[in-house]
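Build out the structure end to end from the sequences listed, making use of the hints.
So the sequences go chain by chain: A and B. Just so we're aligned, residue 26 is where the first sequence starts under the numbering used here, counting upward by one. Just so we're aligned, residue 88 is where the second sequence starts under the numbering used here, counting upward by one.
It is worth saying that the hints were derived from the structure and are not from the lab. Wrong hints could be hidden among the right ones.
[Unchecked claim] DEER-style ranges, computed between Cβ atoms:
hint: 1; chain 1: A; residue 1: Glu584; chain 2: B; residue 2: Ala120; range: 15 to 25 angstroms
hint: 2; chain 1: A; residue 1: Ile319; chain 2: B; residue 2: Met179; range: 23 to 33 angstroms
hint: 3; chain 1: B; residue 1: Ala120; chain 2: A; residue 2: Gln389; range: 15 to 25 angstroms
hint: 4; chain 1: B; residue 1: Met179; chain 2: A; residue 2: Met382; range: 45 to 55 angstroms
hint: 5; chain 1: B; residue 1: Gly181; chain 2: A; residue 2: Arg381; range: 16 to 26 angstroms
[Said to hold, decoys possible] Only pairs whose alpha carbons sit at most 25 angstroms apart, straight line, appear in this in silico SDA-like list of lysine to any residue:
hint: 6; chain 1: B; residue 1: Lys178; chain 2: A; residue 2: Gly436
hint: 7; chain 1: B; residue 1: Lys178; chain 2: A; residue 2: His378
hint: 8; chain 1: B; residue 1: Lys178; chain 2: A; residue 2: Thr396
hint: 9; chain 1: A; residue 1: Lys411; chain 2: B; residue 2: Ser195
hint: 10; chain 1: A; residue 1: Lys411; chain 2: B; residue 2: Glu198
hint: 11; chain 1: A; residue 1: Lys411; chain 2: B; residue 2: Asp106
hint: 12; chain 1: A; residue 1: Lys523; chain 2: A; residue 2: Trp582
hint: 13; chain 1: B; residue 1: Lys178; chain 2: A; residue 2: Pro449
hint: 14; chain 1: A; residue 1: Lys214; chain 2: A; residue 2: Lys245
hint: 15; chain 1: A; residue 1: Lys140; chain 2: A; residue 2: Gln73
hint: 16; chain 1: A; residue 1: Lys305; chain 2: A; residue 2: Ala350
hint: 17; chain 1: A; residue 1: Lys245; chain 2: A; residue 2: Leu233
hint: 18; chain 1: B; residue 1: Lys178; chain 2: A; residue 2: Val199
hint: 19; chain 1: A; residue 1: Lys377; chain 2: B; residue 2: Met142
hint: 20; chain 1: A; residue 1: Lys116; chain 2: A; residue 2: Val199
hint: 21; chain 1: A; residue 1: Lys305; chain 2: A; residue 2: Ile290
hint: 22; chain 1: A; residue 1: Lys437; chain 2: B; residue 2: Ser195
hint: 23; chain 1: B; residue 1: Lys178; chain 2: B; residue 2: Asp106
Built from N, CA and C at the ideal position, the CB exists for glycine as well.
So you can see what is in the structure, the chains are spelled out below.
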Amino acid sequence: MKFLDAARDKISIPLLISAVTVAVVMMVGNHLMLDQIHEEAVRQANRQQENSMMAFWELMNRRGRNFHIDNGRMILGDYYVLNDANELPDKIFCITGSRATIFMGDTRVATNVLKEDGTRAIGTKLTGPAYDAVFREGIRYRGEANILGAPYFTAYDPVRDVNGKVIGALFVGVKQSEYLARYDRINVKIGVINGVLAAIFVLCAVILGLNRKRAEAEIKRQLNFQQQIMDTIPSPIFSKDAQGRYNLCNKAFQSYVGLSSDQLIGRSVFDLWQPDLARKYHEMDQEIIDAPGIQIYESQVNYADGSLRDVIFHKAALRDDEGVAQGLVGVILDITERKTVEQESRRIEAQKHHSRMIESLMIQLNHDLNTPLTPLFALIPMIRAKVSEPGVERMLEICQQCVNQIQGLAGKAFDLVRISSSQPRLIPVSLCAAVESALNEMAPVLAQRGVICCNAIRADLQVLGSAEQLTLLFKNLLSNAARYAAQNGKVIISAEMKGNEIEVSVQDDGIGLDHEQLSRVFDEFYKVDPARHDLNTQGLGLAICRRIVANHEGRLWAESPGAGRGTTMFFTLKQVGHQPPAIAEDDVSQETTPESNQI
Amino acid sequence: MNRRVMIVDDNEYVRASVDIICESAQLELASAASGPECIEQLEGGFRGVILMDIMMPEMDGWDTIREMVDRGLYPGNVIVMLTGMGEPDAKMDGLQEYVSDYMTKPFSPEELLDSIEYYLTLLNAPTDHD
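Have a look at this one:
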């Protein structure tokens, strides 16, 4: 039953029914045909008995015309005793193939009909309808009759004496089983052939059904696979039939429209969108159906989630072998992000352009400021050298300070713009060399206040950076330190490995910073109070430092134990590969090491 | 002994102040307001220390040096470029070898005179062209 259930599940029921029906029809047809054959065989058997009977009579007539019973024996003619004259029935059997019997009264006296034990059935009686016909009604009998328990095709003729009295009978017949044996063999063969054909037919039906099921399963699997692929693609995909009704779509399209696949399939744009929008879509669809090729156009669409998206439609018509459009397929590419990136890219490019303009302007401004400053810068000291009156000398000194301030401001502003306008290429550079370079430039400034500077950074320590910007960074930090360190104070520059970063510190022993100053000290144009009236500062130094450190993807901060207790500026830089840990050398004793630099 | 200095700058006040400084140091100053004027003076036989401004209209400092070299006027001269920070340096490729020093504007009289005296000494050395 399980097998049947499984087969029922796997193959098509209609196909199986058809196969069985055809097999049954074939069997019924064969059966009807066999019936015809059987009837014909019976007719032939009856005809044969008729002929055999005629032959039997002919045989009798050759031996005599009259029958009579004499002394318990049946005599033909004058002397031919028919009792035990088995040669006559045997002769008939030889000639016609029918068995024959001579009855005296209703008793077989000569016969080749055999009993069950194989002996001739001499002495047995005639019974049944043949007896009734012959001995009661005195007529012949034709038809089937049961002889000694076996069915026969028979012919019985009454035998009369000269007075017309029925005194016996002649019988010819064939055993039905013997006569129809050939027919039965054919019947069995045809039955077997029928059965085999029916079995083959049903088997073929089953195999065909299974194959069809397998093909259907394969098609289903492929369709599932295609649907899965389509659903994985984030862009909405759809197809429509020739009437413009959706007949396929993926999940992205369902999300876009806000309807499920079941709600979408079979509907047209006029069912889904506002009339004017639907008309536009329909016109575009009609255009691609009318003209070959791929249709690509940009548009803006409202998604079901309410967002307005920039999209590109790609559509193509589906055509049959004759080129007649059967529908169309379409893909909607969401280019909102691309547009945003493009806009951002344009914005950045504009910003870069703007930065380049500003930088260019600053260069020009710097040049144009420095050019008139050159005579002032050169001539004022010469005039001062020639002047002896203190009042005039004081005025010239103020002029000199103003010129210095303008020069410093121009330089720092230019530095700030330059380092802000572009990201430097970070390459391995020597940190120690950058400090040395800055120290060389700042030596006069540091020396003015007797500040000693100690470079405690290892000579072989390299960082990822721009040598020019790092030098500028240290120059600004040293400039600050020189200004705020204690008179004849000390500045220590050191570096320490912290994780993947190198932490650099510039420590002075000067005025220190309170909490508010610590938070504002990196703002442009911010000056710590005592320096507000110092005409030689611009309040841009630490802002420049902040930009440079940002360019190096590091952090910059200041720490101070409090006013009057010194300040330490920290910043981080990226190390090159795996450098050996830099040594933090805050120890004052390092002033005497070869790497230290005292000013 | 060669004590000739040429200032090439389009700003007349820069030229005048350099003139005053040089005069105070007993230097012989030639003044050129543009690149062509500089070339003209070199064609006229000037040899000495040339203080060359970079940013000048039409023919800038680098163009002038190129012209000097192309015309064979460079030998016997020392060039000190007068520059501001960040001024265009794309044109300097291949010309740096002709520039002995850079001086950032503004400069003090001492800086200027130190530089001029140094390069005049080099020019006047027996092995040098003069």
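Hints versus structure:
Roughly 55 angstroms separates the CB atoms of A:Glu584 and B:Ala120, a value that falls outside the hinted 15 to 25 angstroms. A:Ile319 and B:Met179 have their C-beta atoms about 54 angstroms apart, which leaves the hinted 23 to 33 angstroms range violated. The hinted window of 15 to 25 angstroms between B:Ala120 and A:Gln389 holds, with their beta carbons roughly 19 angstroms apart. Against the hinted window of 45 to 55 angstroms, the Cβ-Cβ separation of B:Met179 and A:Met382 comes to about 23 angstroms, which falls outside the hint.
Range check, B:Gly181 to A:Arg381: Cβ separation about 25 angstroms, and the 16 to 26 angstroms hint holds. Pair hint B:Lys178 plus A:Gly436 holds up; C-alpha atoms about 23 angstroms apart against a cutoff of 25 angstroms. Between B:Lys178 and A:His378, the direct Cα distance comes to roughly 21 angstroms. Compliance with the 25 angstroms bound is thereby established for this hinted pair. As the CA atoms of B:Lys178 and A:Thr396 are separated by approximately 21 angstroms, the hinted pair is consistent with the 25 angstroms bound.
About 16 angstroms separates the Cα atoms of A:Lys411 and B:Ser195, which keeps this hinted pair within 25 angstroms; it holds. Distance restraint check for A:Lys411 and B:Glu198: the Cα-Cα separation of roughly 19 angstroms lies within the 25 angstroms cut-off, and the hinted pair is therefore satisfied. For the proposed pair A:Lys411 and B:Asp106, the alpha carbon gap of about 17 angstroms is at most 25 angstroms, so the pair holds. For the suggested pair A:Lys523 and A:Trp582, the alpha carbons sit about 15 angstroms apart, so the restraint of at most 25 angstroms is met.
A hinted pair counts as satisfied when its Cα atoms are at most 25 angstroms apart, and B:Lys178 with A:Pro449 qualifies at roughly 21 angstroms. For the suggested pair A:Lys214 and A:Lys245, the alpha carbons sit about 45 angstroms apart, so the restraint of at most 25 angstroms is broken. A distance of roughly 23 angstroms separates the Cα atoms of A:Lys140 and A:Gln73; the hinted pair therefore holds under the 25 angstroms criterion. Distance check on the hinted pair: A:Lys305 and A:Ala350 sit about 20 angstroms apart at the alpha-carbon level, within 25 angstroms; holds.
Simply put, A:Lys245 and A:Leu233 have alpha-carbon atoms about 18 angstroms apart, close enough for the 25 angstroms limit, and the pair holds. For a cut-off of 25 angstroms, the pair hint linking B:Lys178 to A:Val199 is broken: about 135 angstroms separates their Cα positions. Of the supplied pair hints, the one linking A:Lys377 and B:Met142 holds, its CA atoms being roughly 24 angstroms apart against a limit of 25 angstroms. Pair hint A:Lys116 plus A:Val199 holds up; C-alpha atoms about 14 angstroms apart against a cutoff of 25 angstroms.
Of the pairs offered as hints, the one joining A:Lys305 and A:Ile290 holds, with about 20 angstroms between alpha carbons and a cut-off of 25 angstroms not exceeded. Of the supplied pair hints, the one linking A:Lys437 and B:Ser195 holds, its CA atoms being roughly 19 angstroms apart against a limit of 25 angstroms. Restraint check: the Cα-Cα separation between B:Lys178 and B:Asp106 comes to about 28 angstroms, which exceeds 25 angstroms; the hinted pair is violated.
In this structure, the hints that do not hold are numbers 1, 2, 4, 14, 18 and 23, in rising order.
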